[in-house]
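Student: Given the coordinates of chain A, work out where chain B should sit on it, guided by the hints.
Quick note, the sequences are listed as chains A and B, same order. The numbering of the first sequence is the numbering used here, which starts it at 194 and goes up by one. The numbering of the second sequence is the numbering used here, which starts it at 194 and goes up by one.
Simulated from the structure, these hints should not be mistaken for lab results. Take these hints with a grain of salt, some might be off.
For identical chains, the list gives no copy identity; a pair is met inside one copy or between any two copies.
Unchecked claim - Derived BS3-like pairs (lysine-lysine); straight-line CA-CA distance at most 30 Å:
1) K388 with K339
2) K244 with K201
3) K278 with K347
4) K382 with K346
Remember, predicted model here, so these are calculated numbers, not experimental data.
Number of protein chains: 2
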Amino acid sequence: MQSFEINKSDLLKIKNALDANDTELQRVLGEYHASEIAILFERLSPEEREKIINVLPSDIASEVISEMDEENHPGQILFNLHPEKRSEIIEELDYDDATDIISQLEEHEQQQVLDHIDQEDATNIRALLTYDEDTAGGLMNTDVIKLNANLSKKDALEEVIRQSEEMEEFYTIYAVNDRDILQGIVSLKDIFKAKPDVMIHDLLKTDYVFVKAEIDQEEVARLMSQYNLTSIPVVNDHLKLLGRITIDDIIDVMEEENTEDILKISGVSEDEELSGSWQDAVKSRLPWLIINLGTAFLAASVIRHFAGLEAKLPIIAAYMTIIAGMGGNAATQALAVTVRRISLSDLSDAQAYNTVLKEFLVGMINGAVNGIIVLIVALWYDANPMLGLVLFLAMTGNLIVAGLTGASIPLLLKRLGIDPAVASSIIITTFTDCIGFLLPLWLASALLL
Amino acid sequence: MQSFEINKSDLLKIKNALDANDTELQRVLGEYHASEIAILFERLSPEEREKIINVLPSDIASEVISEMDEENHPGQILFNLHPEKRSEIIEELDYDDATDIISQLEEHEQQQVLDHIDQEDATNIRALLTYDEDTAGGLMNTDVIKLNANLSKKDALEEVIRQSEEMEEFYTIYAVNDRDILQGIVSLKDIFKAKPDVMIHDLLKTDYVFVKAEIDQEEVARLMSQYNLTSIPVVNDHLKLLGRITIDDIIDVMEEENTEDILKISGVSEDEELSGSWQDAVKSRLPWLIINLGTAFLAASVIRHFAGLEAKLPIIAAYMTIIAGMGGNAATQALAVTVRRISLSDLSDAQAYNTVLKEFLVGMINGAVNGIIVLIVALWYDANPMLGLVLFLAMTGNLIVAGLTGASIPLLLKRLGIDPAVASSIIITTFTDCIGFLLPLWLASALLL
Numbered sequence: 194m195q196s197f198e199i200n201k202s203d204l205l206k207i208k209n210a211l212d213a214n215d216t217e218l219q220r221v222l223g224e225y226h227a228s229e230i231a232i233l234f235e236r237l238s239p240e241e242r243e244k245i246i247n248v249l250p251s252d253i254a255s256e257v258i259s260e261m262d263e264e265n266h267p268g269q270i271l272f273n274l275h276p277e278k279r280s281e282i283i284e285e286l287d288y289d290d291a292t293d294i295i296s297q298l299e300e301h302e303q304q305q306v307l308d309h310i311d312q313e314d315a316t317n318i319r320a321l322l323t324y325d326e327d328t329a330g331g332l333m334n335t336d337v338i339k340l341n342a343n344l345s346k347k348d349a350l351e352e353v354i355r356q357s358e359e360m361e362e363f364y365t366i367y368a369v370n371d372r373d374i375l376q377g378i379v380s381l382k383d384i385f386k387a388k389p390d391v392m393i394h395d396l397l398k399t400d401y402v403f404v405k406a407e408i409d410q411e412e413v414a415r416l417m418s419q420y421n422l423t424s425i426p427v428v429n430d431h432l433k434l435l436g437r438i439t440i441d442d443i444i445d446v447m448e449e450e451n452t453e454d455i456l457k458i459s460g461v462s463e464d465e466e467l468s469g470s471w472q473d474a475v476k477s478r479l480p481w482l483i484i485n486l487g488t489a490f491l492a493a494s495v496i497r498h499f500a501g502l503e504a505k506l507p508i509i510a511a512y513m514t515i516i517a518g519m520g521g522n523a524a525t526q527a528l529a530v531t532v533r534r535i536s537l538s539d540l541s542d543a544q545a546y547n548t549v550l551k552e553f554l555v556g557m558i559n560g561a562v563n564g565i566i567v568l569i570v571a572l573w574y575d576a577n578p579m580l581g582l583v584l585f586l587a588m589t590g591n592l593i594v595a596g597l598t599g600a601s602i603p604l605l606l607k608r609l610g611i612d613p614a615v616a617s618s619i620i621i622t623t624f625t626d627c628i629g630f631l632l633p634l635w636l637a638s639a640l641l642l
Numbered sequence: 194m195q196s197f198e199i200n201k202s203d204l205l206k207i208k209n210a211l212d213a214n215d216t217e218l219q220r221v222l223g224e225y226h227a228s229e230i231a232i233l234f235e236r237l238s239p240e241e242r243e244k245i246i247n248v249l250p251s252d253i254a255s256e257v258i259s260e261m262d263e264e265n266h267p268g269q270i271l272f273n274l275h276p277e278k279r280s281e282i283i284e285e286l287d288y289d290d291a292t293d294i295i296s297q298l299e300e301h302e303q304q305q306v307l308d309h310i311d312q313e314d315a316t317n318i319r320a321l322l323t324y325d326e327d328t329a330g331g332l333m334n335t336d337v338i339k340l341n342a343n344l345s346k347k348d349a350l351e352e353v354i355r356q357s358e359e360m361e362e363f364y365t366i367y368a369v370n371d372r373d374i375l376q377g378i379v380s381l382k383d384i385f386k387a388k389p390d391v392m393i394h395d396l397l398k399t400d401y402v403f404v405k406a407e408i409d410q411e412e413v414a415r416l417m418s419q420y421n422l423t424s425i426p427v428v429n430d431h432l433k434l435l436g437r438i439t440i441d442d443i444i445d446v447m448e449e450e451n452t453e454d455i456l457k458i459s460g461v462s463e464d465e466e467l468s469g470s471w472q473d474a475v476k477s478r479l480p481w482l483i484i485n486l487g488t489a490f491l492a493a494s495v496i497r498h499f500a501g502l503e504a505k506l507p508i509i510a511a512y513m514t515i516i517a518g519m520g521g522n523a524a525t526q527a528l529a530v531t532v533r534r535i536s537l538s539d540l541s542d543a544q545a546y547n548t549v550l551k552e553f554l555v556g557m558i559n560g561a562v563n564g565i566i567v568l569i570v571a572l573w574y575d576a577n578p579m580l581g582l583v584l585f586l587a588m589t590g591n592l593i594v595a596g597l598t599g600a601s602i603p604l605l606l607k608r609l610g611i612d613p614a615v616a617s618s619i620i621i622t623t624f625t626d627c628i629g630f631l632l633p634l635w636l637a638s639a640l641l642l
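Chain A with its partners taken away, still in its complex shape (with noise of 0.2 Å):
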């Protein structure tokens, strides 16, 4: 099986479908997994979608939508349906899902919907809406098999397929005490297989990882990922049971966070959507470009500086930009390993130092090569020597600084409690411009007038 992708004879076969009534439409869409029908939901208006939710039943339609793309808002899809069809959809969704998809409303929105579904779930959701959402709270979901330690194999049984009656999947078993305290995990096949007068409580596995609901998103997959956890539970500070998270929410959190981390070291901020408008994307990025004006005229001045030497040595100009955008690529490469590896675990300072150390040899050695090959060059087409060692100079002392810097700032920053994502290539690359026009401007005025 390959994954989805939309070619234009499914497009062209949902579009006739919309076209003619709705008992066709309801059989095309029948071929279609809901996932699917939410990416073939980038390419219809509105409109469409509003046709197509509507004539899904509640369960597939409620699939879709959570699957839907936010740019695509299904909150507004879901308000603008009939309030019966509407509540029917919500009842369906997974209470995080539900959240989400409202948080995105207007607050008098959020009510008009809220007041129209079933009094147990509003409760739920509003209590939810209340987590900022890029917490373990914000993503957790709060209907979990929840059983009291003290029951017996055979009524925990029973209270398990009551209260799974709803659920799509489980992964745990949560057991708590008569306070909704969080005792311990249980699974399902432990209870199974237990002889038949066990009790919960001897089948608790209690040495668990749990999370509170304020704990930021990315620590939350940092722990499922390093605990290779399938879900996890939230509770709050006197250890009461929230809810759970499970693994596929987890898994758009590591997408997100991965998207942030590329885009904030490529000079990009981390809210612009990857599909949004031209307008976001000035917003986004041209304060970014600005700071580098500023940084760049820095660069500049240096070369102002030796306005005298260039006008006797034209062709300092154009090795000069050679060795200045060299280390500009150097420091990219040295601050992408450095970002990445710092994102993925924490480094000690005995690390921390060893990185800077390597770095520090890499730029040498990288630099020293590029060195060499501008020396021949210098030497064959300016028949200079002297200029060729020049070259040989600032090259490896610019790959030097390239390496130095791509490495500690980001380090630096992190140990400042700062993204060290933000040590994006425009900031490194600033040292590098200075350093690679001072090197052979500065070299050249000593060793060549």
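Tutor: Positioned in the frame of chain A, the structure of chain B alone reads:
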């Protein structure tokens, strides 16, 4: 709870226990989770690691070994163990993990290890060793809960208990026919809740997703993420069930792929180990830098061509570097957004066209804003309105080129079947360097002289 970070006191405690006797070492190790010991291993010598594996109970030792970073050579530790301890540990490992670790050894070492373990385990591991490690076959675990579709509820439950005896956790039960051909999936919950006279084939879910063994792991990750799966069955060409891949293995794949993306876009070979040696880093990065040196000479030849102009207008060199540098940064921004977007989903022709159009617009607007700033600076510092106009036009033009190349080159590569991330900023900035030098020099020649 916070994710585990190594601190000095933990390390000191372990080191002291290593110097004391085995009982003390066992007591201290008992305070840590297996995955925490695997993290602590990063700071211990190979001898210390072996000593710890030797005193740990086999089930914990196998967990530690399966969590160890590949760079710390878990295979070598396993190989150095006493054959009896080694067999115990391998028996505790999942087949997929055992295969990964054993595959790190030389062929004759692999034989030696496999000759000393249980016959059935050895056969399973030998079969897994034949798959490429980057494919579904290389990722899968052959330990699955597999039921004949013709079993009754009662027999099925007994069979599940029997088969799950040795399994840590399972998510899905696979139903097969007499020739092991996959018929569908069923959940324990559904078997459990079924009426007594129900047969497995009545409970089957048949619209499940599966993969063939030779599919690339990246494709598996995309499927599991797209369809929100916690596990996926792996089959051969005849749909015979070979094994299953679980979501925890996919998380590692996703992190690997994301690391590769961020490295490639920054001009680092995808194979560079983040914490590898300086020799590896030189090998991985030097080729890219040398390619870039070639393209830098190309850009510099533009400057050489206008050497006469520079002698008359030395100030142009400083401005030219600013315009080229800004182009490089804007191109990096457009590139990062486009590459990340492609790696998360495939773009249709219409979406690709819109992306290029958007980046054109963004480049034009960001170029014009930065162009106006440079124009003002040129008026202020150099009192030269015509120079200001030249710079404004050159900046706008170069940022348009930056947007166009940053978006269109990765899209083009993708359509040619080449990994779009190799359109690294190193390649893209060649364009912006050339145009960034050419535009101001050519416009200045035409308008100022």
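Student: Run every hint past the structure and note whether it holds.
Tutor: Tested hints:
Proximity of K388 and K339 under a CA criterion of 30 Å is satisfied in both settings, with 21 Å inside one chain copy and 24 Å between copies. Proximity of K244 and K201 under a CA criterion of 30 Å is satisfied intra-copy only: 20 Å inside one chain copy versus 61 Å between copies. For the homomeric pair K278 and K347, neither the shortest alpha-carbon distance inside one copy (38 Å) nor that between copies (40 Å) is at most 30 Å. In this homomeric assembly, K382 and K346 come within 30 Å of each other (Cα to Cα) both inside a single copy, at 12 Å, and across copies, at 16 Å.
Comparing the model with each numbered hint stated earlier shows that hint 3 is the single one that does not hold.
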